[in-house]
Amino acid sequence: MNEFVQRLKQRKLVQWAVAYVAAAFALIQGLDIVAQRFSWPDSIERTLIIAACIGFFIAMVLAWYHGERGAQRVTGTELLIIVLLVSLGAFFLWRFAAGSRAPMVTSVSSVAPVATTEKSIAVLPFENLSSDKENAFFTDGVQDEILTALSRIADLKVISRTSVMQYKSGAPRNLREIGQQLGVAHVVEGSVQRAANKVRVNAQLIDARTDAHLWAQTYDRDLADVFAIQSEIAKAIADQLQAKLSPNEKKAIEQPPTTDLAAFDLYSRAKSLILTTNFSATNDPDLRKAIELLDEAVKRDPSFFDAYCQLAYAHVYFYGVRGDHTPARLALAEAALQAATRLRPDAAETHLARANYLYYGRRDYAGALAELEIARRALPNDPRLFELTGYILRRRGQHEEGLQNLQRAVE
590 MNEFVQRLKQ RKLVQWAVAY VAAAFALIQG LDIVAQRFSW PDSIERTLII
640 AACIGFFIAM VLAWYHGERG AQRVTGTELL IIVLLVSLGA FFLWRFAAGS
690 RAPMVTSVSS VAPVATTEKS IAVLPFENLS SDKENAFFTD GVQDEILTAL
740 SRIADLKVIS RTSVMQYKSG APRNLREIGQ QLGVAHVVEG SVQRAANKVR
790 VNAQLIDART DAHLWAQTYD RDLADVFAIQ SEIAKAIADQ LQAKLSPNEK
840 KAIEQPPTTD LAAFDLYSRA KSLILTTNFS ATNDPDLRKA IELLDEAVKR
890 DPSFFDAYCQ LAYAHVYFYG VRGDHTPARL ALAEAALQAA TRLRPDAAET
940 HLARANYLYY GRRDYAGALA ELEIARRALP NDPRLFELTG YILRRRGQHE
990 EGLQNLQRAV E
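Going by my numbering, the first residue of the sequence shown is number 590, and it counts up by one from there.
Hints in this document: simulated from the structure, not taken from any laboratory.
Be aware that a few hints might be false.
[As the list claims (entries may be wrong)] As a list, the in silico SDA-like pairs of lysine to any residue whose alpha-carbon atoms are at most 25 Å apart:
{"hint": "1", "residue 1": "Lys839", "residue 2": "Ala967"}
{"hint": "2", "residue 1": "Lys757", "residue 2": "Ala825"}
{"hint": "3", "residue 1": "Lys722", "residue 2": "Thr706"}
Working from the sequences, and respecting the hints, build out all of it.
So, in structure tokens, the structure goes:
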């Protein structure tokens, strides 16, 4: 027995084993992050884990073999085998990464025009007319709230925020071209001017096919009335398009996000940072800043439901995508989700936040899909539903259905 142990030491098999396990663990953890990014099927990760286990025994045999022969160069045959395995691994990763990049569309300007329906609309970014350019976040918040309110109406087709933000630049807009690119019959333009405790919001509904102005209104109100203005604009647009509005949809549109304007400012800044965050590590500081802003917002208004939903999303994003696989991070996501659940247990946004948590935090695909199905009833146009559904279906190997949902998310 002692002789066997001595031979193990001479061949440094323990060091080889530790090094291999450490390298394999790091590789699997890295691939886990990539798999979340590209929504690879679980079968890929399982295959890689099995390959790593088999590779362990191969590595031990090679280590023993070379230990027995002493310090020698790797033979040409062995080198050929190593190169072949590395090449096959590289091709495998390239094949699935390339296949996963196609659906990640963030703009519709490069795709063919889609069919137009009469009750279709795009809410373009509003212009910030305030002297303080910092109010751009507030302006974005107003536009986003109007877009969100309209997207709750099942009788309308509403284009996602991701698709309309490409038209944020101050350059003149060709509404007819925009309508064709987005596949909508109508567009909404507007502006916001905030000064002291007053706010002026201008909104207009335009037929993108003819450039005809169908409705326009200017609201000069106290700043505290901004949430009422957003609701009035959404209802006026729905009325102009003759969209059917259910009692629940009307109630949801009329419900203000918060009564604290300072909390709304913090929330608007945070949401803007979150929505512009991609999967790059360079955006981590922005995401951390967003979390700080949201923490301040809920501290000012502990009943700020939407802020808790965004907090849950930001934390679980860090956990599932950015590689912060710590119990503490997941606990923060769960705490924010629980706070949102206490405030509005039956709200569609609660179910959407829980779906995100189950997918990114727990890998519970069936549970996440069930939550998305409930959320869809009240958020029929929400692109986040289609995006997350697409990711889950692809993870389950249903690539065609997953792609259809991802394409719908950017329409």
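Right, here's what the structure says about each hint:
no., hint, verdict
1, Lys839 / Ala967, "11 Å, holds"
2, Lys757 / Ala825, "23 Å, holds"
3, Lys722 / Thr706, "36 Å, violated"
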